[in-house]
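So you can see what is in the structure, the chains are spelled out below.
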Amino acid sequence: MDNTLIEVQNLKKYFLRHGFFSKSEYVHAVDDVNLEIKKREIFSVVGESGSGKTTLGRVILRLTEPTFGRIIYDGQDITALSQKDMIKFRKKMQIVFQDPYNSLHPRKLVKDIIGEGLAIHEHLPVDEISEKVREILKKVGLNEDHMFRYPHEFSGGQRQRIAIARALIIKPEFIVLDEPTSALDVSVQANVLELLIDLKKYFDLTYLFITHNLAVVDYISDFVAVMYLGQIVEIGRKDDIFSFPAHPYTYALLSSIPAPDPQRKRSNVIPKGEIPSAINPPRGCRFHTRCLYAKEMCKFEEPQFFNVSGDHIVKCHFPLGKA
Amino acid sequence: MNDVLLEVKNLRVVFHTYRGIVQALDDVSFTIHRNERVGIIGETGCGKSVTSLAIMRLIEPPGEIVNGEIIFEGKDLVKLNENSLNTIRGKEISMIFQEPLSSLNPVMKVGFQIGESISKVKNISIKASQKFVRDALKAVDLDPERVVNLYPSELSGGMAQRVMISMALSTNPKLMIADEPTSALDVTIQAQIMNLLDELVSKMKNTVILITHDLGVAAQFCDKILIMYAGTIVEFAETKELFENPLHPYTKGLLKAIPKVGNKNKIVGIPGSVPDLVNPPRGCRFHPRCPFAMEICKIEKPTLKTESQDHLVSCHLYR
Numbered sequence: 017m018d019n020t021l022i023e024v025q026n027l028k029k030y031f032l033r034h035g036f037f038s039k040s041e042y043v044h045a046v047d048d049v050n051l052e053i054k055k056r057e058i059f060s061v062v063g064e065s066g067s068g069k070t071t072l073g074r075v076i077l078r079l080t081e082p083t084f085g086r087i088i089y090d091g092q093d094i095t096a097l098s099q100k101d102m103i104k105f106r107k108k109m110q111i112v113f114q115d116p117y118n119s120l121h122p123r124k125l126v127k128d129i130i131g132e133g134l135a136i137h138e139h140l141p142v143d144e145i146s147e148k149v150r151e152i153l154k155k156v157g158l159n160e161d162h163m164f165r166y167p168h169e170f171s172g173g174q175r176q177r178i179a180i181a182r183a184l185i186i187k188p189e190f191i192v193l194d195e196p197t198s199a200l201d202v203s204v205q206a207n208v209l210e211l212l213i214d215l216k217k218y219f220d221l222t223y224l225f226i227t228h229n230l231a232v233v234d235y236i237s238d239f240v241a242v243m244y245l246g247q248i249v250e251i252g253r254k255d256d257i258f259s260f261p262a263h264p265y266t267y268a269l270l271s272s273i274p275a276p277d278p279q280r281k282r283s284n285v286i287p288k289g290e291i292p293s294a295i296n297p298p299r300g301c302r303f304h305t306r307c308l309y310a311k312e313m314c315k316f317e318e319p320q321f322f323n324v325s326g327d328h329i330v331k332c333h334f335p336l337g338k339a
Numbered sequence: 015m016n017d018v019l020l021e022v023k024n025l026r027v028v029f030h031t032y033r034g035i036v037q038a039l040d041d042v043s044f045t046i047h048r049n050e051r052v053g054i055i056g057e058t059g060c061g062k063s064v065t066s067l068a069i070m071r072l073i074e075p076p077g078e079i080v081n082g083e084i085i086f087e088g089k090d091l092v093k094l095n096e097n098s099l100n101t102i103r104g105k106e107i108s109m110i111f112q113e114p115l116s117s118l119n120p121v122m123k124v125g126f127q128i129g130e131s132i133s134k135v136k137n138i139s140i141k142a143s144q145k146f147v148r149d150a151l152k153a154v155d156l157d158p159e160r161v162v163n164l165y166p167s168e169l170s171g172g173m174a175q176r177v178m179i180s181m182a183l184s185t186n187p188k189l190m191i192a193d194e195p196t197s198a199l200d201v202t203i204q205a206q207i208m209n210l211l212d213e214l215v216s217k218m219k220n221t222v223i224l225i226t227h228d229l230g231v232a233a234q235f236c237d238k239i240l241i242m243y244a245g246t247i248v249e250f251a252e253t254k255e256l257f258e259n260p261l262h263p264y265t266k267g268l269l270k271a272i273p274k275v276g277n278k279n280k281i282v283g284i285p286g287s288v289p290d291l292v293n294p295p296r297g298c299r300f301h302p303r304c305p306f307a308m309e310i311c312k313i314e315k316p317t318l319k320t321e322s323q324d325h326l327v328s329c330h331l332y333r
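Chains A and B, in that order, are what the protein sequence lines are. Okay, so the first sequence: first residue is 17 according to the numbering used here, each after it adds one. Okay, so the second sequence: first residue is 15 according to the numbering used here, each after it adds one.
Next up, chain A with everything else stripped away, as it sits in the complex (with noise of 0.2 Å):
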């Protein structure tokens, strides 16, 4: 049975910033990333900004174009496809970006910001499109009248639907959510994560969630992938994550996590310092300059994966929780 919609292998984006005065550099965006996202699961990815969680995503879909490695979708390396032959995939794979308000065209209509997707893959005529329009705005919680105003008429939330509804429309099979909810309020924030989840089982989707809200995470997802300067330091089923966090990474973004509640202080395994420069990363364990649990091999020895248990794999000399 082969359930894996996208297999991504030995993925490394680096980006060359040229130096004015200095030597030109290569930021090491992803380094190395290795994953496997099955069919109809939502996978998340999370990390802190600069962990290259977005530059992931981007890659897996080609919008950036891979420095190094494979990707492989249902079953065909697409890494090395041409422009024209990506089309075909293009169509099964759709991205909503993060903030709402630069993602949409503001001097065109909902209408045709929306079915912009159909005119360019199925060549439909115009009242076929304005058909399609009109069910997918409903399907999305907004209504038919909403196809003929602007992009600034709406608010955030409602922009996010909007963006949904045009990544929608083409029926992919595929989609990254960058941070679909961090511009958005909580209370606005608890609709659309809602409307993902509906949708996701209406049209059997697949999702790549993209974001740095932990509470998020664990109320989404299905399998979890924790991010660091460029790499991947553990995966698992999300219960697995969640409840025997293997990394001290991942149990310090867990205890960092303010909770919502007076009675439940926070604990005080917090990583000490900052996240060091991509451009130069740590040598060794990447977390070693931060981690409470560094031994001297760390600084050394870069970790392998090693397996915690079923599919739960962790990049760390000292797995927490192994005797």
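Keep in mind that a hint or two might mislead.
[Claimed, not checked] Once the Cα atoms are required to be at most 27 Å apart in a straight line, the calculated BS3-like pairs of lysine-lysine come out as: (1) A:288 <-> B:219; (2) A:254 <-> B:123; (3) A:281 <-> B:266.
If you are wondering where the hints come from, they were derived from the structure by calculation, not from laboratory data.
Given the coordinates of chain A, assemble chain B onto it according to the supplied hints.
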């Protein structure tokens, strides 16, 4: 009672814009006692930042304080002139902002900037203030020898916020206002900064107003929480009481809308969105989104009333 530090009475702030008059704060009243840590919570556009700016008297045209009093230690800040205000700002009341890097002057070294504020307050030269600068930086766990000679662009977000905190607390103000101090920071850095603030404020016994949209941050730090919606106060209570026994439908809605780690309950959003404050709803400003709205809510504005001891709520459901 003489342990009242700040009393805001019937504060009304508007902004004159080309679209019309934005009614940013509508009849806001609350009292803060010495050594309290009060969190002001609300979503975008609820008026939490405007409240803090009004207390500092930093509302500038097109904004205007049209009505109300802000009584700080017996003096009405609304009536003071610029000169008298400058003896209070930075010295008695200080403030830190969300974007630490845009609050610092990019072309001056950190040591000079902190020294400048200390020298104003202590009435000494900037050179003489450098000793205090070093102490202030040490207090926020930064290495003074290194940091005094850095420019703001050489600081990370977390370091810059530490610099802001050192500057704000260097004069040991009676009241510190922290406006979303950690919202621009990553969660591990946020935890570091909130722990640091907690430690410093406990030691120096400052009164704090923490403005945030994050109920988690407030729950961990504040003694009391004030919930704002669309320019009005809807609820004010002790933190524990507010989380255990929320009264206002908006507060209840907010608490149900936050996803929590380890909590499997379904989250429920609040339908609709925040109203436009040029044309706010009549009556209770929350009524178009409220599941319990009654006829009276559309007509009559509720007032902030004491429902049980130290628990204030502004809602027609309680009378």
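Hints, verified against the model:
1. A:288 <-> B:219: Holds, at roughly 26 Å.
2. A:254 <-> B:123: Roughly 46 Å separates the two Cα atoms, so the pair is violated.
3. A:281 <-> B:266: 22 Å, holds
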